[in-house]
Amino acid sequence: MPSTLEKIRILGANSKYDICASTASSRSNKYPKLFGASKKWIGATASAGICHSYTPDGRCMSLFKTLFTNKCIYSCKYCFTQGCKQKLSFTPEEYARTFMKLYSMNVVEGVFITSGVCRSADDTTEDMLEAVRLLRFKYNFQGYIHFKCLPGLSQHLLKEAISLSDRISVNSEASTTDFLSEIAEQKDYKNDIITRQRWLKAIRIKHNEEVLKKMKDQKRDNELEYQEKKIIEHRKNGYKKFRWDDAPILNSGQTTQFVVGAAEEETDWDLLKRIDWQYKAVDMRRAYFSAFIPLEGTPLAKKKAAPLEREHRLYQSDWLLRIYHYKLKDLKDILTDEGNLPFGDPKVHFAREYFKEHSLVDPNETTYQELIRVPGIGPISAKRIINLQNQNYKFTRREQLKSVGVVLKRADPFLKINGKNQTTLQKFFITNENNIFQESV
Amino acid sequence: MNNRNSCKDPMEVLGRSKGYSQKELIKNLPRHYKYNSNLLNQIKNTPEVILRNLGSPIAKKVDKMLKEIFAEAYRAKQFTRTEINNKSVLFGVVLLKHKVMDLVLDYFHKRWPQCIICLYNEHTQLTGIINEKGITQEIKQSLKEVVKKISRKRQISPYFEDIQFSNDEIFETLYQSQNIKERKNTRYFNSMIPKHCFKLPGMRKGVEKRFTSKNKKIEEYFK
Ligand code: SF4
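Chains A and B supply the protein sequences, listed in that same order.
For the first sequence, my numbering begins at 8 and goes up steadily by one.
For the second sequence, my numbering begins at 2 and goes up steadily by one.
If you are wondering where the hints come from, they were derived from the structure by calculation, not from laboratory data.
It is possible that some hints are incorrect.
Residues of chain A clear of chain B, computed beta-carbon distances all greater than 12 Å [what the hints assert, rightly or not]: (1) E137; (2) D290; (3) T305; (4) H332; (5) K334; (6) R417.
For each label pair, taking beta carbons as the anchor points, the in silico distance ranges come out as [stated by the list, open to error]: (7) P314/A - A72/B: 28 to 38 Å; (8) K287/A - Q126/B: 57 to 67 Å; (9) G426/A - P58/B: 32 to 42 Å; (10) I393/A - Q43/B: 32 to 42 Å; (11) E406/A - Q43/B: 25 to 35 Å; (12) R153/B - Q193/A: 53 to 63 Å; (13) R205/B - Q193/A: 40 to 50 Å; (14) A55/A - N42/B: 27 to 37 Å; (15) P9/A - K35/B: 37 to 47 Å; (16) L315/A - K206/B: 47 to 57 Å; (17) I27/B - A55/A: 18 to 28 Å.
Below 30 Å or equal to it, Euclidean Cα-Cα: the simulated DSS-like pairs (lysine-lysine) are [claimed, not checked]: (18) K78/B - K23/A; (19) K78/B - K47/A; (20) K311/A - K185/B; (21) K61/B - K423/A; (22) K149/B - K409/A; (23) K334/A - K390/A; (24) K154/B - K145/A; (25) K24/B - K401/A; (26) K185/B - K92/A; (27) K182/B - K309/A; (28) K68/B - K409/A; (29) K46/A - K134/B; (30) K47/A - K134/B; (31) K28/B - K145/A; (32) K390/A - K28/B; (33) K46/A - K149/B; (34) K78/B - K62/B.
Heads up, the beta-carbon is just placed ideally off N, CA and C, and yes, glycines get one too.
Here chain A stands alone, though its shape is the one from the complex (with noise of 0.2 Å):
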């Protein structure tokens, strides 16, 4: 009978490929207490998230990240679990129990439940669901779950685990059909995905809205006084049967995460192009990509390793969609012939093509919109400078834009003040040629 620790050592091994970046969840805000104001609750969640630890390269190491178990019927070619000999599983309350342990030590801030699918993804998920049942109502821990959602998992449980976790996440792997079954040959991409994240979406929006219709009937003063009420009542009838009442569900959202450079002839472009319509389309909160890397005994083991510079550039590309609001239009502009981002930072790419055509930015005059198109300018220095010309203050010097928060050295050769440029743009693209193209990842 293999020990705990010894699931912890594989079971955690064959995870760590799986990302989950964040422990953040907007419930610390709104809904500091998730069943109401009773004291016996357990753990809490910050809306900034707290990293208790870092893995050697650098990144948080803040969840409880093991498979539940790593017998699995799907051969996907890129999968640890293909090369992994000793199938193990953890028992729900072995489970729970072993977070609890953690989590009373401080060294992590949440769970991130995830599995392979053994006999089916609904067996598998019932036990999945068992331990997170057990952290919940046995052990009362009220932090922070993020719930894999395994293929092809039906609606009701896909459902009650929306009900017990702040976040719950699809992986996609690839960016279309053919792609997905070229690494993974049994899923079916609209079914076993984009079905699951369309339910997702709408699980959330109808629990919301009603939410906010009663809340609105009831006009409620005492938000505390009136939960706690209410999980008496439904405690009656079985714990089961209840979710946080009145909190908005999912607060940390739906994410996905692809493997990138798996698929022989995947390009960013397919990457990019699935992304924006997973923002737009199903209320994705956010997109992971973990770069391929080979492994012993996989049917993938001589491919080679796709470069983690490529899986940089994805997410600064992705950061462009989804925080600055860029079209995907505008990312294809600066593709290679291959459909592939090029070496260096896409925003100085962009902004290099961009201003070939436009005049350069007069902070003093110009749009938000056209503010974030200049490198060393985020959202929240463009929407400080609107805020100012509201204002009507004007910026004589430029140095007056560091105050705003605007990173100067890459901001200046796109500005003007006063009809002035600080440097022609030719000089900067030779001068600072080093600087965009030897960045460090």
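With chain A fixed as given, assemble chain B with the ligand onto it according to the hints.
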């Protein structure tokens, strides 16, 4: 800077990227170990616009002081390692130069509301305690004594007895399992856990240090 409405420079206030308000400064500066009442008077008599403008020497100074305070509290929340006993007493050791014990205690109290939290501060050699009601106090006694004394009066809680098993090995195993050798990036790691964090009590023997240590073990030379 052109400002038609006032001779001061409110632009930094409206569009500031950094800086703290006068209220925040008055509330939190006394936490700093280098704080003195003259500084507080100076803050009270300085207009907010100047305090917000990091170009002014006074603003630069107090901004730095506040950052040091909050950074210390945040690092303590991140890297304090605690233990819990079956009498629902959660305890650990911290190293706090500034007066932020209340912030750190409160953080643990919110997570473990039925526990009494005891944190021994190596710097002041005082043990900070917060009870279930959220009342805090600091006493001059060692952590061991305090935990023993408090535990004596408390009943065994089946809940906490239930999660009393194993030891640091669990975290060490989990940490090792998450390491992806191919992605090692020491520069990034150092920016996430700066060297001074390894001086914190919870991190001194931390598995993180051993993993990123430059010193090779003898067997590694034979690989
Ligand atoms: S479904 Fe595929 S990726 Fe997931 S555990 Fe099974 S084989 Fe691995």
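Evaluation of the provided hints:
1. E137: Per Cβ check, E137/A is outside 12 Å of chain B; nearest 17 Å; holds.
2. D290: 29 Å, holds
3. T305: 14 Å, holds
4. H332: 21 Å, holds
5. K334: The assertion about K334/A holds, with a minimum of 27 Å to chain B.
6. R417: 15 Å, holds
7. P314/A - A72/B: 28 to 38 Å: 34 Å, holds
8. K287/A - Q126/B: 57 to 67 Å: For Q126/B against K287/A, whose Cβ atoms are near 58 Å apart, the range 57 to 67 Å holds.
9. G426/A - P58/B: 32 to 42 Å: 33 Å, holds
10. I393/A - Q43/B: 32 to 42 Å: 34 Å, holds
11. E406/A - Q43/B: 25 to 35 Å: 26 Å, holds
12. R153/B - Q193/A: 53 to 63 Å: Between R153/B and Q193/A, where Cβ atoms are some 60 Å apart, the hint holds.
13. R205/B - Q193/A: 40 to 50 Å: 48 Å, holds
14. A55/A - N42/B: 27 to 37 Å: 34 Å, holds
15. P9/A - K35/B: 37 to 47 Å: 54 Å, violated
16. L315/A - K206/B: 47 to 57 Å: About 31 Å separates the Cβ atoms of L315/A and K206/B, which means 47 to 57 Å is violated.
17. I27/B - A55/A: 18 to 28 Å: Hint holds: Cβ distance 25 Å, inside 18 to 28 Å.
18. K78/B - K23/A: Holds, at about 25 Å.
19. K78/B - K47/A: Holds: K78/B and K47/A sit about 22 Å apart, inside 30 Å.
20. K311/A - K185/B: 18 Å, holds
21. K61/B - K423/A: OK: K61/B and K423/A at ~28 Å, within 30 Å.
22. K149/B - K409/A: 54 Å, violated
23. K334/A - K390/A: 19 Å, holds
24. K154/B - K145/A: 26 Å, holds
25. K24/B - K401/A: The hint holds at about 28 Å.
26. K185/B - K92/A: 26 Å, holds
27. K182/B - K309/A: 18 Å, holds
28. K68/B - K409/A: Status holds; Cα separation ~19 Å.
29. K46/A - K134/B: It holds: about 10 Å lies between the C-alpha atoms, which stays within 30 Å.
30. K47/A - K134/B: 13 Å, holds
31. K28/B - K145/A: 41 Å, violated
32. K390/A - K28/B: Distance of about 29 Å is within 30 Å: holds.
33. K46/A - K149/B: 24 Å, holds
34. K78/B - K62/B: OK: K78/B and K62/B at ~25 Å, within 30 Å.
Against the hints set out earlier in the document, violations occur for numbers 15, 16, 22 and 31.
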